[in-house]
Every structure is written in C-alpha cells, then in structure tokens.
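Take the sequence shown: its letter number 153 is residue 134 in the numbering used here, and every next letter is one higher.
Keep in mind that the hints were calculated from the coordinates and are not lab data. Wrong hints could be hidden among the right ones.
Once the Cα atoms are required to be at most 16 Å apart in a straight line, the calculated EDC-like pairs of lysine to aspartate or glutamate come out as [as the list claims (entries may be wrong)]:
# : residue 1 : residue 2
1 : K94       : D115
2 : K128      : E87
3 : K198      : E224
4 : K(-16)    : E224
5 : K(-16)    : D187
6 : K222      : D5
7 : K105      : E140
8 : K198      : E231
Only a predicted model underlies this, so the values are computations on that prediction, with no experimental measurement involved.
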Amino acid sequence: MRKQIVAGNWKMHGTLDEVRLLADQLHAAAFHLQHHQEIVICPPFVYLMLLRERFLDRKEFHIGAQNCYTEPSGAFTGEIAAPMLSSIGVEYVIIGHSERRQYFHETHDMLAKKINIALQSGLKPIFCCGEPLDIRRQQAQNAYVEKQLQESLFHLSEEQLRQIVIAYEPVWAIGTGVNATAQQAQDMHAFIRNLIANRYHAGIADDITILYGGSVKASNAAELFACPDVDGGLVGGASLKAEEFIRIVESLAVKQSNH
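Please build the complete structure, drawing on both the sequences and the hints.
As structure tokens, this is what we get:
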C-alpha cells in the first residue's frame, strides 16, 4: 500500500514566535488519518529541532528539510549537509523545488548528487519536477518532466527509488493566477507513474507516492486528492495558515487507498 502524504513547505517564512504558535495550533488538532497517511512539516532549517521536539508525541507528524547540499561535509560555508539533518531526526528532504531550480540554478546533475547523498544519509527525498508555462503552452510538458526524472532519478536502483517521494509542481500554476485542473494533475501523475513502470516495472510504479504541488488549498484539495494517481500534496502558502492546512489534511484523511 503506497503512502499518502500532505507535506507543508513553509519556505522562508516565520519568526520564532510565529512558528511556535503555528506548531501549537497544528499540535492541538485532532487528525483521523489512516495508517498509510502522514503529515510532513518542512520548516526553515533553524526550526527543525524545535519542530522535531514539538511533535515527538504525534506519530502522524514527520519533519522534513527544504534542501541539502551535494557533499556530506566540508568547507562549504552556509550549506547544510544531509548527515546533519538525519542526525537531528529529520526524515524527509525536499530536493529540486522549482524555486531552487529557478533562483539558485540547480541543475539535473546537482540534484542527482543531492538525491544520492540524502539516500546515503537515511533521508527520504521529496523530488520535485514540473514544467514552466512556456513548455505547457507548447504541449511539451511530458518530454520536459521525463527529462527531469531521467537525469536526476532514473540512475537509482529499484531499492533506492522506493525511498523517493515525487512531487509534481506545474510551475505555470503557482502564483500566476492560472489554475491547473484536477484532470491535468491526474494526467501528469499517471504519465510519471507510467514512466517508472517502463523504466523499472509496474510493481514499483504502484508503490511510489506522487504528490501534487500546484497551489493546493482547502478549496481544491478534495478534488485533487480524489484523483487515483494523486497521493497527497506538497502545500506551500496554505501550510502557513493552521486552519487551512488542517482542512487540507482532513481532505486526505477521507481518501481511499489506491493500492
């Protein structure tokens, strides 16, 4: 049975007091998740240990980082290494987010290295892929996403790939006012699953969790999560509002198992 996840990417938001308040509000909520469903919180690096300790008594909550470096240690001032993250109890790490690709010029090769070091360190990567608006307008999104997967993921063994969560980010639908439909999400998720089946086999494709990361909100979560190949969401801005995020998680709680 493949895992279903709502992951909150807090990005570069929140002072200590704001983070404590949000964590307290989430901690106070009563979730009715099934055994294969999880909540992952991805705060800025400086709050990882605080959040880890705050949610120790809540087994449905897991902590993730927003990035890691390509090397396990060294003279790389300002960077955070994957072994550091695993040593403080972090379980997940987002790799290849569209903002990292756009603003920090992260390449396919760099992301492949990050995937490798994350896996070696015992972390579960949430690998982001997705196309910008010009590619979608050319109807070239399938080839674009296929290249992202081939260059950064498909060097992995079957055993390694099973540790990966994939998040599809239609970059053209994030903060642009253009919304992706649930059918567009389902089509791409099914395409990604089929790529994995062709590269590996259908069994592993059925087991891989694929999240949707295109402006998930309480108002659209239920429709998105009802899609058979959408296994949850990577939530951005809505994860900073406790009530909104709780409603998104509740939309996942009623989703039936797909496998």
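Starting from K(-16), check that the Cα of D187 is at most 16 Å away, please. holds (11 Å)
For K222 and D5, compute the direct alpha-carbon distance and say whether it is at most 16 Å. holds (12 Å)
For the pair supplied as a hint, K(-16) and E224, confirm whether the alpha-carbon distance does not exceed 16 Å. violated (24 Å)
Is K94 close enough to D115, meaning Cα to Cα at most 16 Å? violated (28 Å)
Hinted pair, alpha-carbon criterion (16 Å max): K198, E224. Please report holds or violated. holds (11 Å)
Decide if the proposed pair is consistent with the structure: K198 and E231, CA atoms, cutoff 16 Å inclusive. Holds, at about 12 Å.
Within 16 Å, alpha carbon to alpha carbon, are K105 and E140? holds (12 Å)
Holds or violated: K128 with E87, Cα cutoff 16 Å? holds (15 Å)
Going through the hint list in order, the structure does not satisfy hints 1, 4.
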